[in-house]
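Novice: Here's the letter readout for the chains.
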Amino acid sequence: MKIIGLPLTSFFLLIVLPWILVLGQFYYCWRIYKQNRMTGRGE
Amino acid sequence: MSLSEIGMAIFLGYLGLMVLIGIVCARYQKNMDSFWVAGRNIGLPIMVMAMMASVMHGGAILSGVALAAKDGGVAILPFISMALGTLIVLVYFAEKLRLMAGYTLPDYMGERFNSRFLRGYSAFIVALSSIIYLIAQVRVMGFVLQQLLGVSFTTGLLLGTAIFVFYVTFGGFLAVVWTDVAQFWFMWLGLLVLVPGLYHLVGGWSEVLAKVEQVAPGWTSPTGVSWSWTYLVSWYVVWLVAYATRVELVTKIYAARDVNVARFALPLNVAMIILFLLYGNFYLGAAARVLVWDQISSPDQAFPVLVTTTVSPFLAAVALTGIISAGMSTTSSLLIIAGASIAHDLLRKCYYEPNGVFKSETFYLRISRITILIVGVVAFLGALRTPELILVLVSYAVAFLGVTFFFPLLFGLKWKRVSREAAIASAVGGSVVTGIWTVLNLMKVPWATQLHPALPGLAVALVFIVVLTRYTQPVPRTCLAKFFPEEARLVSSVSASES
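Order-wise, the sequence lines are chains S and B. In case it helps, this note's numbering puts the first sequence at residues 1 to 43. In case it helps, this note's numbering puts the second sequence at residues 44 to 542.
Take every hint as true, because none was put in to throw you off.
Example chain S residues on the side facing chain B (calculated, C-beta under 7 Å, incomplete):
(1) Ile4
(2) Ser10
(3) Pro18
(4) Gln25
In short, the hints are calculated from the structure, not lab data. For each residue, glycine too, the CB sits at the ideal point set by N, CA and C.
Produce the entire structure from the sequences given, and follow the hints as far as they go.
Specialist: As structure tokens, then:
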């Protein structure tokens, strides 16, 4: 089975996993940013 | 007009802009902060563009397309390593390195582990790795200028080296950042102009993948046409460690305006690189395999030949100038890092100041400029003679950095217990083993070539840091205060009660 010309494993590694990692990093940054604002920790 | 005439006009315009930026930035160089970390005043958009331009070396496009064209899906995994490596930088390194307010990675090694030897040794490794990396970048420029301007390989090398040494020597880190921004736009433009022409020839994403599977069965699978899963995983580990210790990336963190800029710039950088390099190289690699694979003698020629044979001379000149700008932006970052390693880490922090000799900032700026000049000349001479492939050279350069810094950074910023002796043994043991393994690889010893030199070095570095930390004493609290807020509070309360 292929999705946009890619086998399933390649589709996951090329299209899905990179963006999960990027979104995870953004979420981490945002969480720390909000936490620091709420605790009034100056950066 | 021919490609060489148009190429000359576009390339000269581009070089004029870079020199102009160098001259303008030179007016703002007043002290070491402004020369090496641009006054620690870089905001988010500029930081992202500068990070991306310096991480995306010329070889990343040229040899990235070559790797994709030759082996297919194998080209995916280095970018997963990059995303994971950046995650490590983000979670463990970024905040503490920015708050430490140093200039270089050897600054961290010296201050965290209270060791002048470790600072000096780290500076030596950074300078060595930068020179190997520079040789690869300069070779990329030589190949591309040969196609673009119709000049000899040696002339292309000389022209490229001379111009980037000039603007880095005069403009410092500020020039590096602003030329990175200009080069960022050139890189995007360089690849985007190719899209309509290639789309017309090979079709869209799905069409080109269907065509490449017909000429090279298995190309779209993660292991590509010829790699095994085991070799793929070892390659993946090397790049994971390499991306977590990329000096061009980590040094930029020191220049961020604040911790938030340092943090948010990292995922933005990864997102842009995925769009640009992962998808760009994959599509271009497939197109090169379908269109020009029979016309080239080395995979490294895939991109230049694809460009010159499939689009108009004007668009080819723009695309090739984009590749040169990718090479130059990384090269300029490496040059400034090499200059800082020698002037700041070796001479100032390991020799003059510990011996009670205090020199002016102008003296150290002059030393770093002379160093940049010498490193440029050494890289040029090395690029003339080296027989190695670009991607192999780059992997050796990042291997040395990875094995030296990865565990002292990862464990040293997380656990207070890590001792000076453990960090020294890890950095020295790891890099020496990698050095020996690299020589065995270059001598083509069969059992040694089965493994990338970084892997045995990493294993030794890990064992040394874990075992020796158990049996040696941690560094004094005052050295930990910069990296662990609770230690800083403890130190200040102790000194307050004493006074």
